[in-house]
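Student: Those sequence lines, one after another, are chains A and B.
Position one of the first sequence corresponds to residue 5 (this note's numbering), numbered consecutively onward.
Position one of the second sequence corresponds to residue 5 (this note's numbering), numbered consecutively onward.
The hints are simulated quantities; they were obtained by calculation from the structure and are not laboratory data.
Do not take every clue at face value.
It does not matter which identical chain is used: a pair holds within one copy or between any two.
DSS-like mimics (lysine-lysine), calculated; alpha carbons at most 27 angstroms apart, straight line [stated by the list, open to error]:
#1 LYS112 <-> LYS20
#2 LYS52 <-> LYS253
#3 LYS178 <-> LYS102
#4 LYS153 <-> LYS69
#5 LYS112 <-> LYS205
#6 LYS198 <-> LYS28
#7 LYS205 <-> LYS178
#8 LYS109 <-> LYS11
Computed from a predicted structure; not experimentally measured.
There are 2 protein chains.
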Amino acid sequence: MEIRIVKSAGFCFGVKRAVDMAFKAAEENKGQVCTYGPIIHNPQVVEKLKAAGVAPVDEIDSNVKNILIRTHGISYELHEDLKTKNINIIDATCPFVKKAQQYAKLLKQEGYQIIILGDEKHPEVVGIRSYAGQEAIVVKDPQQLPRLKTRVGVVVQTTQPVEALQRLLSEIIKTARELKVYNTICNSTANRLKETEALAKEVDVMLVIGGRNSANTNQLARRCEAIGVKTYHIESAEELAPEWFRGVKVVGVTAGASTPDWIIKEVIEKLKGFGS
Amino acid sequence: MEIRIVKSAGFCFGVKRAVDMAFKAAEENKGQVCTYGPIIHNPQVVEKLKAAGVAPVDEIDSNVKNILIRTHGISYELHEDLKTKNINIIDATCPFVKKAQQYAKLLKQEGYQIIILGDEKHPEVVGIRSYAGQEAIVVKDPQQLPRLKTRVGVVVQTTQPVEALQRLLSEIIKTARELKVYNTICNSTANRLKETEALAKEVDVMLVIGGRNSANTNQLARRCEAIGVKTYHIESAEELAPEWFRGVKVVGVTAGASTPDWIIKEVIEKLKGFGS
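All chains, please: the whole structure from these sequences, using the hints.
Tutor: See the structure below:
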């Protein structure tokens, strides 16, 4: 059975950087490190970090000595609050998310009515919005747009598809007289989707590896299913079943941005024993 | 026969202002006024102004004492050149076109790669481009876009349809990281089109009044034809033929931005004698 792997499968730049920072911080601080929420949407990585002494917390109390900010970033207010406390901040906010936060701040300073394209409740968007000010509005699609002012500024959750941004701009430009857009979409997500879809068209079975709570992994699985190829979404090699590959000539493998290399490798190794 | 007239038919704000300025200048300067090119794309108005002593010229030589700049505006270079000469400048550039020129200049100062949406050879676009600098590119549709830089600025010929701008932005945002758009489309054109299309769906025959060399009048006629209603494009009441209205219950009337009220009135008066 031939195994083909999507080139951009697995950790993106920001996630790799954050996980490396977490392991390094655990080593330097003898394990006394907390992350504000799970570092990434991958239970296996979270467990491995826990074993190294890095645990997620929901609230930052006086027991916390070292806090690692995950890729999604945190709100401006929380960041300011942390600075007043006797806590060591390890900032692993993805540099691209940091940019989106700064652009939101800039649009606010320039007096634009700010529209953020993204999922209102996603921690990344909560963070970006805090820089954009109270009046900033988060929309997922153009129907949610409020009455627009003359000058509109747009900033985007890094994992949004460009098609959503195109639809949003088409609606905004109907009435806005000045429009400033910071296209903060990270190409990494789009590339992974594109390469995954291309591979899904060539194979008999697709394996999508990643946390079941990972939005971008779920999106990969949905796109493969939409193409019509038999698709299995797994979190680890243990879930693989030999019968999935009976009579299969070519299997395609992809993985979300929060899936570590070692899980992908384990899956590949186990796959080699399967198939026709 | 019922006659229904499009509310926004005829002169737009900028054209009305320019024609008024021309007649006033003719009075004040005893007719010794030139316009750089025909003041508007309407031969009847041009003739009437000629009778008042306002004549279009193609070149500005030493015989010209008073020059009226028409609604389309002129290039930055020509404007600078005129200032050095002993010529009285009567600037009837449409204020909305003037804004587009100033926004082009601003985008240049801010270092954006400038894209102008419009007809490359249209005098308005030639003028706007002169403010945007040598590197600015004029496109009519997204296929003409060059390789884009990171920061793209867009300014629009005032008479472009918003759909063309939507298509352009959808293409640009695929690659640009920062996009600043000055939506300089004049609502007057869009309104006239919308109201004309609405009326065209309700009547038996549409009359479109305006110069055959007027782009916006031609567009009105094409849209009516596309709706499937019998459409006649005329320049003046003289062209009306009684047989066009035999058995007609309702006739719709619209007119381009360069069609004066007095021509529309003449047509209406003549129409009253026709029909079933």
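Student: Please go over all the hints and tell whether each is borne out by the structure.
Tutor: Quick rundown of the hints versus the structure:
1. LYS112 <-> LYS20: neither (31 angstroms within a copy, 39 angstroms between copies)
2. LYS52 <-> LYS253: Intra 34 angstroms, inter 82 angstroms, cutoff 27 angstroms: neither.
3. LYS178 <-> LYS102: between (30 angstroms within a copy, 21 angstroms between copies)
4. LYS153 <-> LYS69: neither (45 angstroms within a copy, 45 angstroms between copies)
5. LYS112 <-> LYS205: Cα proximity of LYS112 and LYS205: none, with 44 angstroms in one copy and 45 angstroms across.
6. LYS198 <-> LYS28: Neither: 33 angstroms inside a chain and 63 angstroms across chains, both beyond 27 angstroms.
7. LYS205 <-> LYS178: between (37 angstroms within a copy, 24 angstroms between copies)
8. LYS109 <-> LYS11: neither (35 angstroms within a copy, 44 angstroms between copies)
Going through the hint list in order, the structure does not satisfy hints 1, 2, 4, 5, 6 and 8.
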